[in-house]
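Enquirer: If you want the building blocks of each chain, they are given just below.
Number of protein chains: 2
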Amino acid sequence: MTERRYDPTRGEWVTFATHRQNRTFLPPADQCPLCPTTPGGPPTEIPAASYDLVTFDNRFPSFTADPPEPSVAGDALTPVAPAVGRAEVVVFTGDHDATLTELPVARLRSLVDVWADRTTVLGRRPEIGYVFPFENKGEEIGVTLNHPHGQIYGYPDIPPIPAQEIAAARRYRAEHGSCVWCDLVIREETSERLVVCGDAFAAYVPFWARFPYQVYISARRHAPALPSLTAPERDDLAHVLKRVLVAYDGLFGFSMPYVMAVHQEPATGGHGDLTHLHLELSPPYRTATKRKYLAGSELAAGAYVTDLPPEGTAAALREALSRERADPGEAAA
Amino acid sequence: MTERRYDPTRGEWVTFATHRQNRTFLPPADQCPLCPTTPGGPPTEIPAASYDLVTFDNRFPSFTADPPEPSVAGDALTPVAPAVGRAEVVVFTGDHDATLTELPVARLRSLVDVWADRTTVLGRRPEIGYVFPFENKGEEIGVTLNHPHGQIYGYPDIPPIPAQEIAAARRYRAEHGSCVWCDLVIREETSERLVVCGDAFAAYVPFWARFPYQVYISARRHAPALPSLTAPERDDLAHVLKRVLVAYDGLFGFSMPYVMAVHQEPATGGHGDLTHLHLELSPPYRTATKRKYLAGSELAAGAYVTDLPPEGTAAALREALSRERADPGEAAA
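Residue numbers (the working numbering), protein chains in the order written: chain A, 34 to 366; chain B, 34 to 366.
Hints may be right or wrong, so weigh each one.
A few chain B residues that face chain A, going by a derived Cβ cut-off under 10 angstroms, partial list only [stated by the list, open to error]:
#: 1; residue: 40
#: 2; residue: 43
#: 3; residue: 186
#: 4; residue: 195
#: 5; residue: 200
#: 6; residue: 249
#: 7; residue: 295
#: 8; residue: 311
#: 9; residue: 329
#: 10; residue: 336
Calculated cross-link-like contacts (lysine to aspartate or glutamate; reagent style EDC-like; alpha-carbon spacing at most 20 angstroms) [to be verified]:
#: 11; chain 1: B; residue 1: 323; chain 2: B; residue 2: 306
#: 12; chain 1: A; residue 1: 323; chain 2: B; residue 2: 172
#: 13; chain 1: B; residue 1: 323; chain 2: A; residue 2: 172
Bear in mind the hints are in silico, worked out from the structure with no lab data behind them.
Source: prediction; values computed, not measured.
We put the CB at the ideal spot given by N, CA and C, even for glycine.
With the hints as constraints, model all of the structure from the sequences given.
Expert: See the structure below:
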C-alpha cells in the first residue's frame with residue numbers, strides 16, 4: 034500500500050507507504066547498505082569501491098515515479114491519490130563513521146550543487162510540485178541508517194508548511210510591500226540572534242525559535258531557490274552551513290542530531306516574489322541531557338512552547354563556535 | 034521571560050516560558066509534587082491526605098492570568114505579546130503508580146465533568162480564546178512527572194490546528210452543505226476503521242491517521258463542545274474512552290504512551306456550526322519496539338508519512354480489546 038489520503042478536517046494529504054514498516058532498521062556497520070561495495074564483501078546499494086557524493090532512488094520510497102493504484106477508492110469526503118513523486122537518498126561520504134559536520138567545506142559545496150541540480154531535474158517533471166532536500170540526523174530523530182546521508186523528496190504538491198509560508202509571505206507583501214524574509218535577514222544580520230554572517234548567507238536563531246537551538250540559514254538577497262544561486266553564493270552557503278554544524282557539535286560536546294530542511298520556490302514556479310531560499314535546522318535538545326519534546330500543545334494544537342530565549346541560545350552557539358575556531362585542527366577542515 | 038513572539042513567516046505565535054527550563058524533572062516517587070501530602074512527609078502541591086481528581090494552576094505555567102511584561106519590544110515585523118491565558122494541572126488520582134487506563138469508568142466520568150466545567154469557567158474569561166484539555170502520557174512523550182495527570186491550557190487565541198480545522202470545516206460546509214465531522218462519523222460508525230461505538234461517541238482510526246495507532250473519539254451528534262454534553266453523553270464518553278485506553282494497553286502488552294487532546298468550539302463562541310467535539314489520541318509507537326518519529330517531512334514540510342494502514346491498526350485495536358474483554362478482571366473495572 035502506497036497512496037495518499039486526504040484529511041478533509043485539516044485540508045492536508047497524508048502519505049501511506051506501508052512497505053516502509055519493514056525498512057532496514059539500524060543495521061550493524063558491516064551490513065550497512067550505504068557503504069561502498071568492497072571486494073569479497075556483500076553488495077551494497079552503491080556498486081562502487083569508493084565515492085564522494087552519491088544520489089539514488091530510495092529503496093523504501095514514500096513517493097515514486099510510478100506508484101501502484103491506491104488500495105481503496107476515494108470519495109468526495111476523503112479523496113485518495115497515488116503517491117506519485119520521488120524519494121531520493123543522498124549519501125554524503127563513503128566513510129560510515131563520519132558526519133556531515135566533519136566533512137570538508139568542499140564536500141558541503143558539492144552537496145549544494147547536488148541539491149540544486151536535483152531541484153532542477155526533479156522540478157522539470159510534470160508530476161512534481163515541490164523539491165525538498167533534507168537531512169534527518171541522529172537516532173533521536175528516528176534515523177534508521179547511521180551512515181551519513183540526507184534525502185530529497187519530490188512532493189506531488191506544495192506541502193503544508195511551505196504552502197503556509199507562501200500564504201504568510203503573500204499577506205506580508207500585501208501589507209508591507211516587501212518580502213518578509215528580506216526584511217528579517219536585514220534585521221538579523223546585526224542582531225544578537227546572529228550566529229554566522231557570510232557574504233551571501235546569514236545564519237541566525239529565529240526570533241520565534243520553535244526549538245531552543247533552531248537556526249535558520251537565509252539567503253541575504255532575495256534568491257527564491259537553490260538553482261538561482263551563483264557559484265560564489267554556493268561557496269558561501271557551504272561555508273556558513275559548515276560553521277553552523279561546527280557550532281552545534283561544539284555546543285554540548287557531542288555530535289548534535291537535527292532535522293535540516295531546505296525551503297525554496299515550488300517546482301511549478303510563479304512564486305518567486307513569495308519564496309526566499311532558507312535552510313531550517315532544528316536540533317531536539319534543550320540542554321546537553323534534556324530533550325525538547327513535541328507533545329500535546331505542539332502536536333495537537335500546533336502551538337509551540339519553548340523554554341529558552343533565542344538571544345541566549347544564539348550567544349551559546351557563537352561561544353561554541355569561537356571555542357572551535359581556536360582549535361587549529363578545525364581550521365584545516 | 035514569559036511572552037509570545039509572532040512568526041510572520043507562518044502567521045503563528047510561539048510561546049516562551051523560560052522558567053520552565055528548570056521545572057521539576059522526573060523526581061523520585063517519594064518526592065513527587067503531585068502525590069497526597071502525608072503526615073510527616075514533605076508538603077506536596079496538594080495539601081490533602083487523599084483525593085480523587087484535583088485541578089490547580091501549573092507551578093511552571095506557559096500561560097498565566099497576570100503575565101510579566103515581555104522582555105523585548107515587538108515591532109511590525111515580529112510583534113510580541115504577554116503570554117496571557119491559563120495553564121492548569123489535572124491530577125487523576127492520588128495513586129502515584131496508576132494510569133488513567135486503570136482507573137474506574139466513574140473516575141473518567143468525573144474527568145469529563147472537570148474538563149467541561151473548566152471549559153465553561155476558563156472560557157468565560159475575556160482573555161481566553163480557546164480551552165484545550167489534554168494529557169501527555171509517558172516519558173517517550175517527554176512527560177516530566179510520572180504521577181498520572183493531564184493539563185488544561187487556556188490559550189489567548191485559537192491555536193493553529195483548531196483554527197485550521199475551523200477553516201477546513203468552513204470550506205467543506207460551503208461545498209457540501211454539511212459538517213465534515215458529522216459526515217465522517219456517520220461513515221466510520223460502520224467502517225472497518227471503527228474501534229468502539231457507544232450510544233453518543235464513536236472511536237475510530239481516522240482514514241488519514243498521522244500516527245499508526247491514532248484514534249479519534251468523535252461525538253456522534255453535532256455537539257460543538259464539552260459543556261453542551263448531556264449526562265448520558267458524558268457517561269458514554271467516559272465509557273468509550275476507557276475502552277480505547279484498554280485497547281491501547283492490550284495492544285503491545287505495555288502501558289501505552291500517547292498524546293490525548295480535546296478539540297472543541299473556541300471560547301469566544303460563534304463557531305458552533307464549524308466545530309464538532311472530538312478527542313484525538315496519538316501514540317508514538319508503530320510496533321511494540323519501534324517508535325513513530327516525526328522528522329524532516331513532518332516537522333519541516335508538514336507532510337506526514339505513515340507506515341501502517343488505518344484499516345489494519347483498527348483491526349489490531351479491536352482484537353486487543355476483545356482479548357481484554359475476555360479477561361474477567363478487566364470487566365470489573
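Enquirer: State for each hint whether it applies.
Expert: Quick rundown of the hints versus the structure:
1. 40: holds, 4 angstroms
2. 43: holds, 5 angstroms
3. 186: holds, 6 angstroms
4. 195: The hint holds - residue 195/B has a Cβ within 10 angstroms of chain A, the shortest such distance being about 6 angstroms.
5. 200: Hint holds; residue 200/B Cβ to chain A Cβ min 7 angstroms, cut 10 angstroms.
6. 249: Hint holds; residue 249/B Cβ to chain A Cβ min 9 angstroms, cut 10 angstroms.
7. 295: At about 9 angstroms, which falls below the 10 angstroms cut-off, the nearest Cβ of chain A leaves the hint on residue 295/B intact, so it holds.
8. 311: Because about 9 angstroms separates residue 311/B from the closest Cβ in chain A, which is inside the 10 angstroms limit, the hint holds.
9. 329: For residue 329/B, the interface hint holds, since the closest Cβ of chain A sits about 4 angstroms away, which is under 10 angstroms.
10. 336: Holds. Min distance 4 angstroms.
11. 323/B <-> 306/B: Judged against 20 angstroms, a Cα distance of about 40 angstroms means the pair is violated.
12. 323/A <-> 172/B: Holds, at about 12 angstroms.
13. 323/B <-> 172/A: The hint holds at about 12 angstroms.
Violated hints amount to a single one, hint 11; each of the other numbered hints is respected by the structure.
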